[in-house]
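A.B. asks: Here the structure of chain A is known, so what remains is to put chain B in place on it, guided by the hints.
Protein chains: 2
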Amino acid sequence: MSNLTWSETAPGVWTATVGEPEDFTPLSLLKAQPALAALEELPRPDFPLDPAALVADRAHGRTVVRFPLDDEEAIFGLGLQFLKVNHRGRTRTLRVNSDPIQDTGETHAPVPFYVSSRGYGVLVNTARIVTICCGSTLRKDARRPPPIKDRNTDADWPATPTSDVLEIVVPGGGAELLLFAGPAMLDVVRRYNLFCGGGALPPRWGLGFWHRVPTTFDADQALAEAREFRERDFPCDVIGLEPGWHTASYPTSYEWSPQRFPRPAEFVAEMRAEGFRINLWENPYVSPRARIHGSLEPLSGSHTVWGGLAPDYSLPAAQEILAAQHEEDHIAIGVSGYKLDECDGSELTGCSWMFPAHAQFPSGHDGEQMRQVYGLLLQQITEGPFRKHNRRTYGLVRASTAGASALPYVLYSDLYDHRQFVRALCNAGFSGLLWTPEIRAAGSAEEWVRRMQVVCFSPLAMLNAWANATKPWSFPEVEGIIRDCLRLRMRLLPYFYSAFARYHFDGTPPFRAMALEMGLEAAETDDQWMAGDSLLVAPMFAGQTSREVVLPPGDWHDFDTGERCEGGRTVRVFPGLDQIPLFVRAGGIIPMMPALPHAPRAGACGEAGEQVPLTVRHYGNVSGSFRLYDDDGETYDYERGEYVWRLIEVTVAADGSRQGALAPAPDGSPCSYGEVTWEFLG
Amino acid sequence: MSNLTWSETAPGVWTATVGEPEDFTPLSLLKAQPALAALEELPRPDFPLDPAALVADRAHGRTVVRFPLDDEEAIFGLGLQFLKVNHRGRTRTLRVNSDPIQDTGETHAPVPFYVSSRGYGVLVNTARIVTICCGSTLRKDARRPPPIKDRNTDADWPATPTSDVLEIVVPGGGAELLLFAGPAMLDVVRRYNLFCGGGALPPRWGLGFWHRVPTTFDADQALAEAREFRERDFPCDVIGLEPGWHTASYPTSYEWSPQRFPRPAEFVAEMRAEGFRINLWENPYVSPRARIHGSLEPLSGSHTVWGGLAPDYSLPAAQEILAAQHEEDHIAIGVSGYKLDECDGSELTGCSWMFPAHAQFPSGHDGEQMRQVYGLLLQQITEGPFRKHNRRTYGLVRASTAGASALPYVLYSDLYDHRQFVRALCNAGFSGLLWTPEIRAAGSAEEWVRRMQVVCFSPLAMLNAWANATKPWSFPEVEGIIRDCLRLRMRLLPYFYSAFARYHFDGTPPFRAMALEMGLEAAETDDQWMAGDSLLVAPMFAGQTSREVVLPPGDWHDFDTGERCEGGRTVRVFPGLDQIPLFVRAGGIIPMMPALPHAPRAGACGEAGEQVPLTVRHYGNVSGSFRLYDDDGETYDYERGEYVWRLIEVTVAADGSRQGALAPAPDGSPCSYGEVTWEFLG
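So the sequences go chain by chain: A and B.
For the first sequence, this note's numbering gives the first residue as 1, with consecutive numbering after it.
For the second sequence, this note's numbering gives the first residue as 683, with consecutive numbering after it.
Only chain A is shown next, with the shape it has when bound in the complex (with noise of 0.2 angstroms):
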């Protein structure tokens, strides 16, 4: 019998606490409130599993809760994966780790949320490492165990036979467990982010193209290479400064290199005239030549990292100073986010570090709990300032966890395996969590555009060239290619903000595994996605001349051409190199706009802002709608009701005439948009 019981504590959310847990968890550092108005519009299911059927024990200081699997159950999640969409068979160890090399669950961002192909989610609210085993534990008392095979005489003898039974191991004296329940796996991971506050919103800018110069570029380098992309016609809305900028780093002082940046606030300035915001590298160790160093000394870890300070940023004051210098140095002078990098931990040859599990902090929190919430503390340190000057920002994280649905960060990594970079893309939108697969280098000119295709249809398009100096047009043969990619994203900046307004209003991921679209069919697909509601991205990979990919179904359609394609099916594509495959759902409409330079200044209607035409586009012979979001694009505003959906419909008539309408925008509402151009394709 379970010796679990549940409560209601949002629609559709149960908790269950067993034993004491620890109080300092992702969710109670996050203090994010649940979008209630949100959570009351998805549907509103009973509790999804039997109760009697979930039991939990604690023996030898761990705590194990047993979720039953049905036979076909698949699970998914558990935050930054590379190596796996499915993690049914498979155990995983949810510590944060910025090498995860071997297939273990060990990742920058895990996260202990999953979710089920039965439709309902469970996540584990510790800042602790929990271990689950997603029936891959086969338990004596098992109710169907697999069949039991020789491997002498069974060529299908398996290596790890899969159970029926799912195992939540959290160490300490308790555990605090939340069930989402669907119906849809859609509903259940919407359901989630609402909980946590709701998904981020990036400022319009963060949906540019990203740079990052060389890590000893000065401020004349950094201004040449940016104004590059504008004579060569790039779009680019970031410059990202890396260590070099600092007085020192590794550790880090976050003051600005006199040699390298003697007037910050002008080189900020003079960038930002010419449509570039900045965006500074930084580690959390604090060296001893930060001013805030002495302040913080008290304030850290019984342990250093490279000789930095690892402040206890579990305490308001270590917080408060490291804000207030950063919106002192950074932020009161315009740069627009951070790029928090290290924050992760390695155990690799040849560089390891990383305070030890059993560091000691001095709010009573060990080494184990800070790794794993380090990440998730930096993105909300940082962000606090920008609130409070009422700008948005959009950074770069390499360490996250459960709850930072609502964050402004993008994970990012070392790691460079193209196919696990698609993975991770996949795999991010079941947990809350926004993944870039970043360009850096490549093999080849082939290589070069694959790889940028895959940025230009991510969370945040990034070239960084911090090691490499490459620049996109790095490989002058496909120089086109790589323009057209990039302006391809630009155009594409009124559908891609839209889904992320959908993120934050009602959870729907902007990125998401197929899995989430067709449940257990795409349970393995892991090297193709969609983007927001309407558009299925199938990237190729450098050597391919062709690809299979997996369509839903229903119609789609050729994004370029409008050709139809008749889904429910596979389908073999052979794109030549400046295509990516793009295919459009039977009356999606995506909504574009001119592939301007740099993200259009922000504006109500009648007001200073600029105001860009609009091209609809509607594939097939079936009516469709599209709500195209809009707001200032650059404050918190819209938290507080400023912000305006327009609803665009195509009707095809009989005769398959198509009639497009947009919504006007209401007087003193946010009005981005001006001239609308139809393009009825397909």
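One-sided and incomplete, this derived list gives chain A residues near chain B with beta-carbon spacing under 10 angstroms:
| # | residue |
| --- | --- |
| 1 | T91 |
| 2 | D103 |
| 3 | D141 |
| 4 | A142 |
| 5 | R151 |
| 6 | T153 |
| 7 | T247 |
| 8 | V305 |
| 9 | G307 |
| 10 | C351 |
| 11 | A357 |
Hints in this document: simulated from the structure, not taken from any laboratory.
We treat Cβ as the ideally placed atom computed from N, Cα and C, and that holds for glycine.
C.D. replies: Below, chain B without anything else, positioned relative to chain A:
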């Protein structure tokens, strides 16, 4: 100030207890008696460290003990490590795991015992997973913090700075530590081995050549394959049967397949008559088809492996069931030993299996503890019936840990990197472990030779053909070289057997890293080793035509030619494919015998035993001596005094002439050697 109290528990061995350690430990379950008389004969230093500098903390369910490190201090040991010899600057998580492909410390046989270059060793006596940070953690309160570098400007910025403290982290409420004095590192290792009861002394036949036949071979095939060794004049003492000998395997029955082995007693006897011993593969997971399944079921853990029981082998009742079945079905009919496979567990993609850490066992122990000591328990249980029959065994095992010195088992791996295999051979000797770099397959005749040369200078010389059906003569173009290599192994049997006797009686590992010979100077030397006291083995790897050899001070001689080579430096050698670079210390004595097809039958002088002629080689112009060990080679009677050490002395006269003398065997003592021939080289 220190909060540890050290008390001397054996000569040169001190213990300290922190908090309340669990009582289920490797040393407690082995019940090994320290070899006190031999310990008394070691040098007797004072407590080798400043006890005031050794500090313990307890927090968050962990015990942390800190040892200061000197700047130059190197840290060796920690079990069967594949990736480093000197662990200084690295964190080692000493978890049993069959796939140590990342340099984290996990391995088949992690041992929480390290040896410092300053001449002391520390053992943590626990069945929990210990983490040892060997100067890899930087404490804020460091006495000598490493200099802080700037990654932007300092080319020598270290990704992994090295600190001045070693931190031992033990999960749970306490820890028992043992500190072993030197003064030399080799004394530390000897003291550890003697404290664990002395090193294992294999039967003489165990040092012959071993061959494992393909997995589904039947009795006739195994016999035919064995006979081919005799026909081709390749020595062989042991034929190993792989899973197919069982009625069911993976999980296993431990019962002879009536199809493949219809008359096992006759099979074993027939093989024995032709000079072959039989070794049986098994794994610990009990098939429902095993007749012991029913009685073991209530004595087993909560989880199965491949559907087989994981018995709680810490329970005497479970131990007795396995031992009795093995005695009756195998040992009583003459089986010589076991290969204890799969007792380590795996978390690799595509091949993940083991009971989980949270599994519960009837004894109250959990899966973490049981996994750490499962290999140790299986070695102990399976040796039992052999002791009862007063017949020595020698076998293979894939998992081990602390305290294993006296157990007659040799570790092996499914990994196959040749350099890692050699490094493991260097490392095993620090931790009371034996290791075979077994040969299975090769990409070329050259690799085949180079691997076989290493195999023949290891604790167990074996070709494991279970999957590849290889034979020593699989590369016909090098058949002669391989034959000579195996025959050299046989010729060195008196030398190796005496080295193993030293392991038993004075704790000196028969195969050991250069650091145990040369100290810090060879701290990173991981591709050559000492075999016995006088032989230095510097193997070649496929692709090499020459290599560097680090020679300790003094003169050294080529094993074959006697050519002199000045030591105390690094020399480059250019051996042919048929040569493994072997150097003998000046004054070194190597007793050898003819290359018999298998080890000689046991016997004392005047009894039925076989006597073999002895060839004694002496190298160089320095007088020397050697203690030649002899006993019946088969029984445990040596533990009751039935053995003899015979002194060999070679005296170099002023005119350079040499005279050799072998002390006679006392009446009634073992006497395996007949006529003596002297060979003076160099």
